[in-house]
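Chains A and B, in that order, are what the protein sequence lines are.
The opening residue of the first sequence carries number -4 in the working numbering; numbering runs sequentially from there.
The opening residue of the second sequence carries number 3 in the working numbering; numbering runs sequentially from there.
FYI, nobody ran anything at the bench for these hints, they're computed from the structure.
Here a beta-carbon is modelled for each residue, glycine too, at the ideal position from N, C-alpha and C.
Hints are not guaranteed to be accurate.
No more than 30 Å apart at the CA atoms, straight line, and that leaves these computed lysine-lysine pairs for DSBU-like [said to hold, decoys possible]:
(1) A:Lys159 - B:Lys109
(2) B:Lys109 - A:Lys74
(3) B:Lys109 - A:Lys147
Pairwise CB distance ranges, derived in the manner of DEER restraints [said to hold, decoys possible]:
(4) B:Ser46 - A:Leu4: 41 to 47 Å
(5) B:Val54 - A:Asp120: 40 to 46 Å
(6) A:Ala68 - B:Val54: 15 to 21 Å
(7) A:Glu130 - B:Trp23: 37 to 43 Å
(8) B:Trp23 - A:Asp60: 52 to 58 Å
(9) A:Arg30 - B:Ala119: 50 to 56 Å
(10) A:Leu32 - B:Ala44: 18 to 24 Å
(11) A:Cys6 - B:Met19: 24 to 30 Å
(12) B:Pro112 - A:Leu172: 41 to 47 Å
(13) B:Leu70 - A:Leu4: 37 to 43 Å
(14) B:Asn69 - A:Thr136: 55 to 61 Å
(15) B:Val54 - A:Asp55: 19 to 25 Å
Some chain A residues near chain B, calculated using beta-carbon distances under 8 Å [to be verified]:
(16) Asp12
(17) Pro15
(18) Gly16
(19) Leu32
(20) Glu35
(21) Phe137
(22) Gly139
(23) Arg157
(24) Leu160
(25) Ala162
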Amino acid sequence: MTVNGEPRLTCATFLTDYRPGPIRIEPLRNFPVIRDLVVEIGDFMRKLPEVKPWLIRDEDAAAPDGELLQTPAEMDDYKQYSMCINCMLCYSACPIVGLEEGFLGPAVIALAQRYNLDSRDQGADERMEVLSTAEGVWGCTFVGECTTACPKGVDPAGAIQRYKLTAATESLRSFLLPWRSA
Amino acid sequence: MSANYTEFHPRWYRPRMPVFWWVGRRSYLVFVLRELSSVFVAWSVVFLLLLVHAVSQGGAAYQRFLNLSSNPWMLALNVVALAFVVFHAITWFNLAPQAMVVRLRGKRVPRSVIASAHYAGWALLSALTAWLILG
């Protein structure tokens, strides 16, 4: 919800911190309001699976012989993005979400990066079709408020900017070396 | 955020973003000013190209360019443009460490080092340009 104009996890917000008041409680911003403080989150739920936020493995490749091992350094690459709890405070903080209906939004892109940066995942190319678009990372203008609002220390703004670099590099590579991306 | 499929629920309240949504919050204001600064960055490039063009056309054209540049309106515009370009550079350099992940020998280079490298590069290029022009 929005507490005194700031997106907050109200289950972890204490009245005592707002003494002596008054406190203004509002529904999450940038979402349609069903009633009172209840917002409609269907749009987020529809956008989330578009980036395939799950481990994708090559279907043609042989099944791994045993577990897919990962070093601590490899896990550190994506761990912070896996801390996202889908609270949507970043959507409430992001003005682009309010201005551009189609924008995928911070959490969805951060969750896509969570899997893109996972050493076990092989689905980065599939996600790029959705992410490297005007509704994806290129819709973001780097306001940075999503990262400020996140109660779990995830850095969606950083994830989006990193992905912009990845997408730009990939575009340049496919332009200069078309036979490699074919 | 009003998804297409919610159009059959007209009773849901959809607050509109006010035109001046960016005024009430410092971070939003800084963001909008940074976006606006791009116009002045573009103007600086145009001004530089006009200078290069004037130089290539000879002494008389260069003198006309100098006269145009010393016009009070042009001076005022360029002072504002300089302020916005500096603002653009500083805010961008401060954001750069968030966008860049550099690894050296398997370890992530600290954000402060990346920001410092940007500022050092800026200072070095500015000094080099000053040396070329004034030296």
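Right, here's what the structure says about each hint:
For the given pair, Lys159 of chain A sits about 22 Å from Lys109 of chain B by alpha-carbon distance, which is consistent with the 30 Å threshold. Restraint check for Lys109 of chain B and Lys74 of chain A: the C-alpha separation of about 15 Å stays at or below 30 Å, so the hint holds. Restraint check: the Cα-Cα separation between Lys109 of chain B and Lys147 of chain A comes to about 23 Å, which is no more than 30 Å; the hinted pair holds. Range check, Ser46 of chain B to Leu4 of chain A: Cβ separation about 44 Å, and the 41 to 47 Å hint holds.
In this structure the hint that Val54 of chain B and Asp120 of chain A lie 40 to 46 Å apart at CB holds, the actual value being about 43 Å. A hinted range of 15 to 21 Å is violated for the C-beta pair Ala68 of chain A and Val54 of chain B, which are about 49 Å apart. Between Glu130 of chain A and Trp23 of chain B the C-beta distance comes to about 20 Å, which lies outside the given range of 37 to 43 Å. In this structure the hint that Trp23 of chain B and Asp60 of chain A lie 52 to 58 Å apart at CB holds, the actual value being about 55 Å.
For the hinted restraint 50 to 56 Å between Arg30 of chain A and Ala119 of chain B, the CB-CB distance of approximately 52 Å keeps it satisfied. The hint said 18 to 24 Å for the Cβ distance between Leu32 of chain A and Ala44 of chain B, and at roughly 44 Å that hint is violated. Separation of Cys6 of chain A from Met19 of chain B is about 27 Å and conforms to the stated range, judged on CB atoms against 24 to 30 Å. Take Pro112 of chain B and Leu172 of chain A: their Cβ atoms lie about 33 Å apart, and the range 41 to 47 Å is violated.
Separation of Leu70 of chain B from Leu4 of chain A is about 57 Å and departs from the stated range, judged on CB atoms against 37 to 43 Å. Evaluation of the 55 to 61 Å hint for Asn69 of chain B and Thr136 of chain A yields a failure: the beta carbon distance comes to about 39 Å. The given range of 19 to 25 Å is broken by Val54 of chain B and Asp55 of chain A, whose C-beta atoms sit roughly 55 Å from each other. Violation of the interface hint for Asp12 of chain A is found here, the shortest Cβ-Cβ separation to chain B being roughly 20 Å, above the 8 Å cut-off.
With its C-beta approaching chain B no nearer than about 23 Å, Pro15 of chain A sits outside the 8 Å limit, and its interface hint is violated. Violation of the interface hint for Gly16 of chain A is found here, the shortest Cβ-Cβ separation to chain B being roughly 21 Å, above the 8 Å cut-off. With a least beta-carbon distance of about 12 Å to chain B, the hint placing Leu32 of chain A at the interface is violated under the 8 Å criterion. A hinted interface residue such as Glu35 of chain A counts as satisfied when its beta carbon comes closer than 8 Å to some beta carbon of chain B; here the least separation is about 6 Å, so the hint holds.
Annotation: Phe137 of chain A was flagged as interfacial toward chain B, and the flag holds, the nearest CB pair being 6 Å apart, inside 8 Å. Look at Gly139 of chain A: its Cβ gets to within about 7 Å of chain B, closer than 8 Å, so that hint holds up. Annotation: Arg157 of chain A was flagged as interfacial toward chain B, and the flag holds, the nearest CB pair being 6 Å apart, inside 8 Å. The restraint placing Leu160 of chain A at the interface with chain B holds, with a minimum CB-CB distance near 7 Å, inside the 8 Å limit.
The beta carbon of Ala162 of chain A comes no nearer than 12 Å to any beta carbon in chain B, farther than 8 Å, and the hint placing it at the interface is violated.
When each numbered hint is compared with the structure, violations occur for hints 6, 7, 10, 12, 13, 14, 15, 16, 17, 18, 19 and 25.
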